[in-house]
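Heads up: the sequence lines are chains A and B, in that order.
Under the working numbering, the first residue of the first sequence carries the number 1, and numbering increases by one thereafter.
Under the working numbering, the first residue of the second sequence carries the number 1, and numbering increases by one thereafter.
Hints listed in this document are in silico derivations from the structure and should not be mistaken for laboratory results.
Incorrect hints may appear among the rest.
Remember, identical chains collapse to one label, so a pair may be satisfied in a single copy or spanning two.
Said to hold, decoys possible - Restricting the straight-line Cα-Cα distance to at most 35 Å, the calculated cross-link-like pairs of lysine-lysine (DSBU-like) are:
| no. | residue 1 | residue 2 |
| --- | --- | --- |
| 1 | K82 | K134 |
| 2 | K302 | K74 |
| 3 | K281 | K192 |
| 4 | K316 | K354 |
| 5 | K281 | K316 |
| 6 | K316 | K221 |
| 7 | K134 | K221 |
| 8 | K281 | K302 |
| 9 | K354 | K302 |
| 10 | K221 | K192 |
| 11 | K82 | K354 |
| 12 | K302 | K103 |
| 13 | K103 | K221 |
| 14 | K134 | K281 |
| 15 | K74 | K192 |
Being a predicted model, the structure only gives us computed values, none of them experimental.
2 protein chains.
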Amino acid sequence: MSEQTVATTTYPIERLSEFTSRVFQACGVPRAEADVAAEILALGDLRGIDSHGIARLRSYHLMLSLGRINPTPKIEVVRERKSTATVDGDNGLGLVVGPQAYKIAMDKADEVGTGWIGVRNTNHYGIAGYYVLKALERNQIGWAMTNTSRVTSPLWGAERMLGTNPIAIAFPGLDEPPIVIDMATPAAAYGKIEMAMRRGEPIPEGWAIDSDGVPTTDPFKMAAGGSMLPLGSDRSRGGHKGYCLGAMIDLLVGPLTGANWGPFTPAFTIEHEEPARQVGKGLGHFFGAMQIDAFIDVDDFKRQIDDWIRTFRNTKPAANTNGPMIPGDPEREAEEVRRVSGIPLIQPVIDDLKYVAQETGVPFD
Amino acid sequence: MSEQTVATTTYPIERLSEFTSRVFQACGVPRAEADVAAEILALGDLRGIDSHGIARLRSYHLMLSLGRINPTPKIEVVRERKSTATVDGDNGLGLVVGPQAYKIAMDKADEVGTGWIGVRNTNHYGIAGYYVLKALERNQIGWAMTNTSRVTSPLWGAERMLGTNPIAIAFPGLDEPPIVIDMATPAAAYGKIEMAMRRGEPIPEGWAIDSDGVPTTDPFKMAAGGSMLPLGSDRSRGGHKGYCLGAMIDLLVGPLTGANWGPFTPAFTIEHEEPARQVGKGLGHFFGAMQIDAFIDVDDFKRQIDDWIRTFRNTKPAANTNGPMIPGDPEREAEEVRRVSGIPLIQPVIDDLKYVAQETGVPFD
């Protein structure tokens with residue numbers, strides 16, 4: 001989400017995207033792949049998911065510089081059936097491995113109705129929404145899931161065992177814009193806890209526990225060995241369901257692909273603590289693509305989606321609200337604004353980019 | 001969940017199951033299909049999901065008696081690809097249509113790695129867990145979703161637009177029992193609100209809103225035109241994510257199959273209000289089956305699941321808890337007890353069964 005309360009400088013997306021691609025190329029990533037990686041980070045920034053945009057470039061650069069990520073992976077299908085494949089990403093950028101694996105899912109969906117791809121030995125893949133938006137171009141319903149470094153506790157636990165484990169899925173309309181679900185599975189985003197620390201403010205009840213597993217509204221207690229809570233927060237309000245959802249994603253992207261899982265998911269940055277042991281290879285993704293035409297006439301489907309969207313937009317609004325949104329509304333609205341007016345970056349991110357510019361010799365100003 | 005605080009009478013599962021099958025047969029359901037339907041309701045009772053067991057028999061009987069459900073459906077595959085099919089259930093019992101459609105999913109998974117089946121023109125299918133447990137017998141990861149009569153509001157809405165929309169998925173272990181996720185998508189179960197009304201007690205904050213969309217702890221205000229809240233409850237704690245999850249399931253089981261969706265999902269009992277219009281045929285299910293062997297060696301996978309289970313059981317417990325459970329623990333423990341000691345039924349359910357016995361001539365005592 002954009003931080004309206006702190007000073008920002010606005011950059012055109014083309015400029016950020018060009019810079020990003022050149023930085024990846026300076027790290028040894030081939031031009032075509034660097035361009036795709038840059039496109040994914042740019043889409044994060046455009047859609048207002050600032051934590052998954054160019055703000056991560058310094059981390060990617062550092063991991064590549066240290067040889068912790070392979071800039072020229074040999075991406076390989078290690079097992080395959082007509083509707084499935086398992087892909088080994090050879091420790092490449094998730095931004096490179098993800099799109100190539102996802103293409104296999106979409107091709108299989110065209111052939112046999114659906115395609116389901118497990119990916120291991122990969123790294124963070126940017127916003128999950130990127131993949132499912134690609135599927136829409138082929139009249140497919142796309143699915144994307146990944147695990148991430150541990151930060152969330154299972155209900156009744158007192159330590160970090162699961163990541164933020166996002167899931168995305170999208171459904172195309174005919175005259176209406178698509179429904180795009182792209183959500184992490186804890187109760188709140190870690191970025192919001194960081195913001196509360198910066199401001200010295202408490203966090204809402206239900207977001208976090210301290211290192212003893214006791215609910216806390218002190219963001220510093222969460223940061224000091226505490227954990228995020230799963231969606232639902234506590235037993236009474238369904239915290240076990242949020243835990244199940246995070247676990248479901250972890251089990252599909254980890255054990256099923258041969259990647260690491262749970263608390264053993266690799267650290268995203270060198271600042272993160274390295275896991276105690278390895279139970280697989282790298283991070284995992286799980287992708288799906290379903291050809292709509294395999295189930296129902298595409299236009300009939302899209303007309304139903306339009307009807308669904310209009311029906312839900314017409315829900316009687318709760319007191320003091322404008323009524324429900326349709327999943328994907330906030331990101332689409334952000335994209336409409338930012339494509340025209342540019343991406344607002346906060347000073348710490350600009351400083352990071354200037355540092356990367358200096359290190360790589362790619363000019364930023 | 002079992003109601004430990006009210007008087008119950010305990011019945012052996014075999015006796016309830018035999019009675020259930022004979023009632024379905026008395027309603028015109030063929031013997032083999034009546035037996036499967038009875039098996040699914042019995043599994044609900046065994047696993048402690050009392051709201052989806054024999055307690056529903058009176059409603060099924062009534063709907064069959066009134067001709068609202070077809071006892072002898074011609075279940076038909078109306079569209080098919082190698083990994084997909086769309087099934088029309090001819091308005092049969094979900095307990096009959098579901099298992100037949102699910103078998104197609106499993107057969108396709110054996111052939112091409114995965115099978116994905118959309119089902120329309122069907123009715124309630126019992127516990128979602130039944131289907132995914134079947135997949136385990138074939139070393140498959142099973143998925144099951146359905147929509148249900150409207151009871152949940154989207155975040156910022158003030159009316160019932162979505163059902164309880166459950167999702168189930170299961171993963172087999174080698175020496176450990178399977179991980180079985182089977183969850184509805186609102187913050188809490190409607191049964192718990194009914195229980196609070198019976199006792200004249202308030203409900204926890206975060207479960208429900210009144211008819212103006214204002215959060216309420218008065219169960220009677222929820223019942224009188226209010227709504228359940230989605231998992232996450234409010235914006236701060238991720239209520240938009242629970243809404244997305246319920247919507248995702250609704251979109252897969254409704255528009256993709258040609259079934260009704262959202263507020264137009266048919267009423268489960270004649271007491272429920274009939275929807276304003278029809279946008280498809282009957283209720284919808286969406287099933288998946290993934291052959292583990294299509295992704296990774298089955299034994300390697302099961303060993304990883306065992307490791308996952310042991311790792312998560314060893315999570316440091318939160319203060320004043322016994323630590324996290326593994327999804328499926330409560331249901332498996334209930335089943336172990338109830339297979340031996342029988343199913344506790346409350347008097348209103350026993351009265352319902354006696355009424356059904358009288359109506360059908362199938363003896364109950």
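inquiry  = Treating 35 Å as the Cα threshold, decide for K316 and K354: within, between, both or neither.
reply    = The answer is neither: 49 Å in one copy and 42 Å across copies each exceed 35 Å.
ask   = Which holds for K82 with K134 at a C-alpha limit of 35 Å: within a copy, between copies, both or neither?
value = both (21 Å within a copy, 23 Å between copies)
task = Give the relationship of K354 and K302 under a CA distance limit of 35 Å: within one copy only, between copies only, both, or neither.
result = Neither, since 45 Å and 48 Å both go past 35 Å.
ask   = From the Cα coordinates, with 35 Å as the cut-off, is the pair K103 and K221 best called within, between, both, or neither?
value = neither (43 Å within a copy, 50 Å between copies)
inquiry  = With identical chains, the pair K302 and K103 could be close in the same copy or across copies; at 35 Å between alpha carbons, which is it: within, between, both, or neither?
reply    = both (23 Å within a copy, 28 Å between copies)
key: 35 Å Cα threshold - placement of K354 relative to K82   = Neither. Shortest intra-copy (47 Å) and inter-copy (52 Å) distances fail the 35 Å Cα cut-off.
query = What label fits K281 with K302 when the C-alpha limit is 35 Å: within, between, both, or neither?
reply = between (39 Å within a copy, 17 Å between copies)
query = Given identical chains, is K316 near K221, meaning Cα to Cα at most 35 Å, within a copy, between copies, both, or neither?
reply = The answer is between: 17 Å across copies meets 35 Å, while 40 Å in one copy does not.
key: Copy assignment of K281 with K192, given that the CA separation must stay at most 35 Å   = within (30 Å within a copy, 43 Å between copies)
query = How would you label the pair K74, K192 (within, between, both, or neither) given a Cα cut-off of 35 Å?
reply = neither (37 Å within a copy, 54 Å between copies)
key: 35 Å Cα threshold - placement of K221 relative to K134   = Classified as neither; 40 Å inside a copy, 44 Å across copies.
ask   = Is it within a copy, between copies, both, or neither that the alpha carbon of K302 lies no farther than 35 Å from that of K74?
value = between (38 Å within a copy, 28 Å between copies)
Checked against the numbered hints listed earlier, the structure breaks hints 4, 7, 9, 11, 13, 15; every other hint is satisfied.
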